[in-house]
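From first to last, the protein sequence lines are chains A and B.
Each residue of the first sequence is one higher than the last, beginning at 1 in the UniProt record's numbering.
Each residue of the second sequence is one higher than the last, beginning at 1 in the UniProt record's numbering.
Keep in mind the hints are simulated off the structure, nothing from the lab.
Certain hints may be false.
No copy labels: a pair is met if it fits in one copy or bridges any two.
[Stated by the list, open to error] Calculated pairs, DSS-like style, for lysine-lysine (alpha carbon to alpha carbon, straight line, at most 27 angstroms): (1) K335 / K236; (2) K133 / K101; (3) K232 / K316; (4) K236 / K316; (5) K232 / K333; (6) K97 / K236; (7) K232 / K335; (8) K333 / K236; (9) K6 / K363; (10) K97 / K213; (11) K27 / K6; (12) K101 / K213; (13) K179 / K213; (14) K47 / K236; (15) K316 / K27; (16) K55 / K236; (17) K101 / K236.
Protein chains: 2
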Amino acid sequence: MSFSDKFHLRIPGPTPVPARVMQAMQKPMIGHRSGEASSLYLECSAKLKLVFGTKTDPLLLSSSGTGALEAAVVNTVSPGEEAVVVVTGAFGDRFAKIVQKYGITLHRLDLPWGKACDPDLLASFLRQHPAAKAVFFTYCETSTGVLNPVRELAQSVREHSDALVIADGVSCLGAVPCKMDEWGIDIMVTGSQKALMLPPGLAFAAVSQRAWKQIEQNPTPRFYLDLLAYRKNLEKETTPYTPALSLLYGLAEALAMLEEEGLPRVFARHERLKTMTRAGIKALGLELMTSDADASPTVTSVYGGREKWEAETLRKELRALGVGVAGGQQHLKGKIFRIGHMGYCDELDILTVLSALEIALIKTGVPVELGSGVKAAQEVMLHV
Amino acid sequence: MSFSDKFHLRIPGPTPVPARVMQAMQKPMIGHRSGEASSLYLECSAKLKLVFGTKTDPLLLSSSGTGALEAAVVNTVSPGEEAVVVVTGAFGDRFAKIVQKYGITLHRLDLPWGKACDPDLLASFLRQHPAAKAVFFTYCETSTGVLNPVRELAQSVREHSDALVIADGVSCLGAVPCKMDEWGIDIMVTGSQKALMLPPGLAFAAVSQRAWKQIEQNPTPRFYLDLLAYRKNLEKETTPYTPALSLLYGLAEALAMLEEEGLPRVFARHERLKTMTRAGIKALGLELMTSDADASPTVTSVYGGREKWEAETLRKELRALGVGVAGGQQHLKGKIFRIGHMGYCDELDILTVLSALEIALIKTGVPVELGSGVKAAQEVMLHV
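Construct all of the structure, not just a fragment, from the sequences and the given hints.
And the structure:
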């Protein structure tokens, strides 16, 4: 049996929320225009700067990550203008869908799901589309576990185009380095329910001076997602609309936790979690979806479907054991499962998942040596 | 002195969150596509139907109330089409701003702030604007404490126009009766942080069959706020984007509380809180902003500024005593203060506010008889 409240949530978001953060969210409500609320916004904004690697104040939106993706589109490019979207999976595809919805001319650079985008490939694509006003790509592609080389991609855009560089960091910011100012990224967005260890409901967007100029001139109608309103209100130490206060309380605490651990250590932990997970999966003879070079420190995709076992059956077995992993999206449905290892996740959590996975594999009739996946991960833990 | 964590938040939202709801929000995260999450959406949706007075499933948006206001506009009327907006205060004005932002031809029916809209006046205004595709108005106008007669306004629209009837119930739904199906309201929206006793971050929209037809044909680009995406996903027992899960846990609990008390009793309680507040204010010789007929059961506005005392000074004194009331918005800034009495608010809370108000008035040099406001409210409590 397994206690239902001991469920090990190892999907790539929503991720588990630490008790400290849960507790912080219990504070009583306050007026959203009060001095107390202003202090909260400023505290969160200041600490978020380090996560984004920027000197500008990240803006706080009360929405899912998709709200921030849409904000990044509607604020920068207007109908009839051109945009390049790099699609390495379902969330690149979402950027493309938003771009199309708004009547923006879409130049779509599709890559095989599971592969990162090569900066040279983007460069040559940009040479074919010199009029693009913005280039959109994902940092971590949640649907495959690919980490795109955003630094190099940004450099490539800057060298070959005047387009804004816009990145979706929803499923990795806070777990991987980000120096958006230094790397030349114009807009970086993220959400609360991934590496930031919060429930869903908040999204963030940090915007460069260069992007603001384009945003100021963009006539696309927008209201709730109008970033200019967020900037104007942040100058007055407030938000344009009532923000999700309890999540902001939690955010301040989660950011304090990241500060205490120290961002370099946080990033190293996620690297270790990735390496442990991959070592375990390999030792069990399962097929990883991404190469070592392309793999994200936050989520690992594993191929099923082609062996004797089926990804969805395996997920059900894992669920019965008290471990939740995600399935595949779109054409990968039933073909892969995904292990989330970001945010409030440590080494023992990975050993737990791997040990449960071994049981689940045996139960679904896949012959694996019990303990072999765990052992491989332990070796990483001890020696890397 | 006053304990800072005993602060009596009596603004018209965010409102205090009951301990039960706080506790419910502490549940661990779950996958937003899991069966558990589906049960949660369905439970909330079923209970919300009673609050809205509809047989359709209210849609769950993760945004502030303004997100839902914008959704009501962009989904129904397209650029170049006409809309009527009844403006009885700052939130009617917000509807008008959204309508203008989207290039919709605005016919604005302005009323003096503090007065409700007369259904006959709306009827004659509609005769001048027969091409309007939708009529927007607020149920409770938060900025003044006016409750518009939405039932009669809806009837007026239905008799004189084919326009959709769209109402903003953000600061009253859950505290006042709403029978949107019976009254002929096509879209009703509300938010979490008012009478529903939750932190901000969730908004809701219930939509009539008649409105869906117009929405299906509306070409206005929209993505995060596209109600069709919410309807399609609700049919699959899910939401299009990751919802604010912790707030949904809280919502289920808050709706259970409303069910236990019984909606007729909830409405009667709010009526009593209004009558007590108004009796107390009158007994203290202060001027109410609205007539008894136009007054909302959820918020009461009181004129300052014209006497020896000043609304903002009074608010500061109240704050020092541990009571938070709201100031005026737009041209009413510094001229009124507003007492919120909705959601998790009972009779003793009103006596507390009034007793603190008496102290604050004395401290700001306004001669009032101590206890006289409290007494008038107690009389209501005992005899009405």
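Now the hints, each set against the structure:
no., hint, result
1, K335 / K236, "between (50 angstroms within a copy, 21 angstroms between copies)"
2, K133 / K101, "both (16 angstroms within a copy, 23 angstroms between copies)"
3, K232 / K316, "between (49 angstroms within a copy, 26 angstroms between copies)"
4, K236 / K316, "between (50 angstroms within a copy, 20 angstroms between copies)"
5, K232 / K333, "between (43 angstroms within a copy, 19 angstroms between copies)"
6, K97 / K236, "between (34 angstroms within a copy, 21 angstroms between copies)"
7, K232 / K335, "between (46 angstroms within a copy, 25 angstroms between copies)"
8, K333 / K236, "between (46 angstroms within a copy, 16 angstroms between copies)"
9, K6 / K363, "within (21 angstroms within a copy, 55 angstroms between copies)"
10, K97 / K213, "both (25 angstroms within a copy, 23 angstroms between copies)"
11, K27 / K6, "both (25 angstroms within a copy, 11 angstroms between copies)"
12, K101 / K213, "both (23 angstroms within a copy, 20 angstroms between copies)"
13, K179 / K213, "within (21 angstroms within a copy, 47 angstroms between copies)"
14, K47 / K236, "within (18 angstroms within a copy, 39 angstroms between copies)"
15, K316 / K27, "between (37 angstroms within a copy, 22 angstroms between copies)"
16, K55 / K236, "within (18 angstroms within a copy, 43 angstroms between copies)"
17, K101 / K236, "between (33 angstroms within a copy, 23 angstroms between copies)"
Hint violations for this structure: none, all hints satisfied.
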